Amino acid sequence: MRVQARRAGALLGGLMLPAVSLADWTLNMSPGVTSSSNEIFSLHMTILWICVAIGVVVFGVMFWSIFAHRKSDDRKPANFHENTLVEILWTVIPLVILVVMAIPATATLVDMYDTSEAEIDIKVTGYQWRWKYDYIDQEFGYFSNISTSDDEIYNRTEKSEHYLLDVDNPMVIPTNTRVRLLLTANDVIHSWWVPEFGVKKDAIPGFINEVWTQVDEPGIYRGQCTELCGVKHGFMPVVVKAVPREEYDAWVNEQTAAAEAERELTQKDWTMAELMERGEKAYATACAACHQPDGTGAPPAFPALKGSQMALEDMEGHIDIVVNGSAGTAMQAFGNQLSEVDLAAVITYERNAWGNNTGEMVTPKQIFDYKNQE
Amino acid sequence: MSAVTDTHAHDDHHHGPAKGITRWLLTTNHKDIGSMYLIFSFTMFLLGGAMAMVIRAELFQPGLQIVEPEFFNQMTTMHGLIMVFGAVMPAFVGLANWMLPLMVGAPDMALPRMNNWSFWLLPCAFLILVSTLFMQGGAPNFGWTFYAPLSTTYGPPSTTFFIFAVHIMGISSIMGAINVIATILNMRAPGMTLMKMPLFVWTWLITAFLLIAVMPVLAGVVTMMLMDINFGTSFFDASGGGDPVLFQHVFWFFGHPEVYIMILPAFGAVSHIIPAFSRKPLFGYASMVYAVGAIALLSFVVWAHHMFTVGIPIAGQLFFMYATMLIAVPTGVKVFNWVATMFRGSLTFEAPMLFAVAFVILFTIGGFSGLMLAIAPADFQYHDTYFVVAHFHYVLVPGAIFGIFASAYFWLPKWTGHMYDETLAKTHFWLSFVGMNLAFFPMHFLGLAGMPRRIPDYALQFADFNMVSSVGAFMFGATQILFLVIVVKCVRGGEKASAKPWDGAEGLEWTVPSPAPYHTFATPPEVK
Amino acid sequence: MAENQTYYVPEQSKWPIVATVGLGVMLFGLSSIMVNGKQGAETTGSWITFWIGSAIMVYMLFGWFGNVIKESRSGLYSAQMDRSFRWGMTWFIFSEVMFFAAFFGALFYARMFAIPWLGGEGDKGSTNMLWEGFQATWPLLNTPDPEAYPAPEGIIGPWGLPLINTILLVTSSFTVTVAHHALKENHRGKVKLWLGTTIALALVFVFVQGYEYAHAYQDLNLTLQSGIYGSTFFMLTGFHGAHVILGTLMLTIMLIRINKGHFTAENHFGFEASAWYWHFVDVVWLGLFVFVYVL
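Quick note, the sequences are listed as chains A, B and C, same order.
So for the first sequence, this note's numbering puts the first residue at 27; every next one is plus one.
So for the second sequence, this note's numbering puts the first residue at 13; every next one is plus one.
So for the third sequence, this note's numbering puts the first residue at 6; every next one is plus one.
Misleading hints may appear alongside valid ones.
To be verified - Partner residues aside, some chain A positions facing chain B, computed with beta carbon under 10 Å:
{"hint": "1", "residue": "M55"}
{"hint": "2", "residue": "F67"}
{"hint": "3", "residue": "C77"}
{"hint": "4", "residue": "T132"}
{"hint": "5", "residue": "S217"}
{"hint": "6", "residue": "C255"}
{"hint": "7", "residue": "G256"}
{"hint": "8", "residue": "A283"}
{"hint": "9", "residue": "A287"}
{"hint": "10", "residue": "P326"}
{"hint": "11", "residue": "A330"}
{"hint": "12", "residue": "G333"}
No lab work stands behind these hints: they were computed from the structure.
These numbers were taken from a predicted model, which means no experiment stands behind them.
Note that beta-carbon positions come from the ideal geometry of N, C-alpha and C, so glycine has one too.
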């Protein structure tokens, strides 16, 4: 089926533009690397060719009328305006064509909806504006942020090869393994799409959608968020790295160990300078999108932190809003998004950056205690 | 009793339009109101078009150059809202106001004062909507489909103003539609049975029914938003037992019939224009009527095909896929009928015919991509990409908007009493045709290659086609100024138009002089 | 179809533009009240705007309807005009039905899909892992996140006040029909009696509904904010209540007009339109009673 599909794709490309050899003039859908994406591609090509065939016939008759039946050639118009047989035919024939289309479409759909028997479950959570991947069986998870720099976006430097399609931590999956994704979102609706997998599913806050995929070819696959999710909707790419099973297992061990180390860091004694340094980084990834890198925010939706009463005085309130968010506003609860260390660092940073010189320090232990007192 | 009314009818004959601004503010005349709708619609078309130009300018190259993403999102949202509710819908209501009474032989619309209110509510609604651009936090930025919770919990403060603007538009549309239905059902000239009605009248009757059925549902869904935003309800919030997807179900229950509201009147107009310039009666009148009816009914049971990726249970997915595919049948019948009408006719290609033929071809292309989108598994790849953008622009621009242009050129002689400048009009057509295809055809490729919609910046592999698309969009946009020039020229003067300037045209509207007198059919004509 | 020749096309009228300005100012004011109120800003100016708009609307309603009544009474309207009004009112009521349909749809969706999924049943049952401990029940006496939306402690059972209200409204539908028949037979005294009874029943209904709301808010913590049950309950019954009040106003105006000697046995569409509207309100209530209270 895949070879067929490829051949069909090449044929279409060849027909439409000779420039198809240039990578930038991609004309058609990619057949992808999974069985689903291949089935979709062949469905797509089938319907496309049926449409083209119908178009050729209908427009053929039409253009023939346009060229041959002109008043300027002194054509006398005919006067017919009904023909029951013809009308029945052109109602029934399309109906039959539709049934022919519906059969493979139904089969594909049934196959795609079967989410049973996956070996690995990964919970994918959409945040404004990044993805979080939780490997729920292994008890670790991490965020995946865009790694394209602002300089590239604002044309101050050359754009890299994977402009807007690169992340710091891609999702990693083993090849030849059935993987089930549990999609949800933290704030607004996002949509997780990797074209080469033929997987696109909405991540809806408060609900879980299931979808499965199985990738056989190792490689890096790229996609994007496809549901408008706010200002940076165009800047939350999806990157998936498919690796052989052994490599995957090694990676999982590494991640589990790192997660453990992170938990230990909470107990460490931190200095102001260390927290500020870490806080600046955490602020840049988690907070700056709304509250701006210089803390001035974008009122009224995103209040300024610079000089704010909360950041200068109300420490309890400050910890509370960062950990638990603020209901009914765009301020999310970061308690589960950031580690205790990062939460402490961010709060410390916000209370001491941009001229907010409180000199106060919030330690990871404080945050840990705060979270557990509830 | 009869004495009173007779004097009145007598009065009418001598009353021309009032002088000055009060003519427009206080009018009850369907022709005045029709003109106001059309002028309003064109103004909104230019405003929405200007926003599209901002969008295409930003997308001319990868990277952020002209506007910030925040403003870009406001532009995509406002462009959609203004084009749908401000440009396309009012244009068809304007055509209905002008032509329905003339076509059915009525003295005016059934409820003339309410008619004026329907119109004036629109500028009022759009004043509020456009004013949100200048409010704190900016205009709505959540797309014209305003999915919750992006539009509720995460929406800008101006969302509340947007909601009430939608309410006002809804009131306007519902009253307009009630007027249309009452006019068609109650004001037809003696002898004009339902199956003798011109097709434009038929399509508008069905459109009005759709409007009355779904605009209240839109009002309902924005009211739920209003309550979620301001009064703590949880319709679209899972933590209270609601569901963001509920919004989409209710919205698309409105939204899908809405897209037919924007195309059915164009079907009607084209069904007059093609026979007129083929000099041959419309093929399959009855099947045309039944096809429109079938499309309208099916439009109520296909809404979730806009939501194939939200995770609908498979039975629902299959139902909505099959129902959507079925729409291809009546739509196909219409296209075949138009082609059969042209077949063995005696064709000429004045501007209305050019636009009508382009309508049939390009709308059909939009229909093909629609059929592809109906296939649920394939839609997983197309959904929310530029393929969808290409699809709905193909049905709306060369569909609805070319339909409006075709109607405008077709009936301009009747409205103004002058012929428009044919050379300029043909230039308008060809530039629009090339520009539009250049702008929207490459979007199919972009979508298939994987470019999501509603993004202000894109990966490098999409750069070339985006540039082509922007060039086409600028061309299409600039060309529309020409339309303004043509219409102004035609209003001011030009070759005198006879009562029936198109030799193949048929219908009551061609029995009154051009320009149509201020009051027509005070005594209804007899239809055989 | 001789009456076609006398279709009345009114002269210029100021009422549409007055209505536009009134509605626009009123709703702009209302939006500002909500937006400013939510941000904790001053709302006095917004309230003033809102009241100015409302006053213009009231002026318009009296003026416009007064105008129509005057035209009707001076015999300008033909039978064909009457049919236009009838079509107009019919389709207006249909549009109202569709408005309620949206809220009924929300109720059915929440009960049949959203709540079971959140509680771990059905196609999207894995959703429950986000809401540990939440169980799907209807009426919804526990919400997925009780901190954000504290659940009601109880709900209004159908067989108390709601049943009384059902009887009140159904009876009022009968009384208004009796009044209509009396009008057709030109028994004015009888019309006044039965129309008055209808209005009285309507007022008792509104009072009972208000009492029920107070009970829900004060004793049961059943509020707009108590999750989807409260949201759908108050939006459906609330919009219905608003329509009852509007219908009552319409009937009251009809009573005033009857007292002034308006209408004839043959020609009384204003009365009929109000009666139609009243039956519509009644039918919606029956739907509410079944789907909101009983089931």
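### Query
Hints broken by the structure, by number, lowest first?
8, 9, 11 and 12
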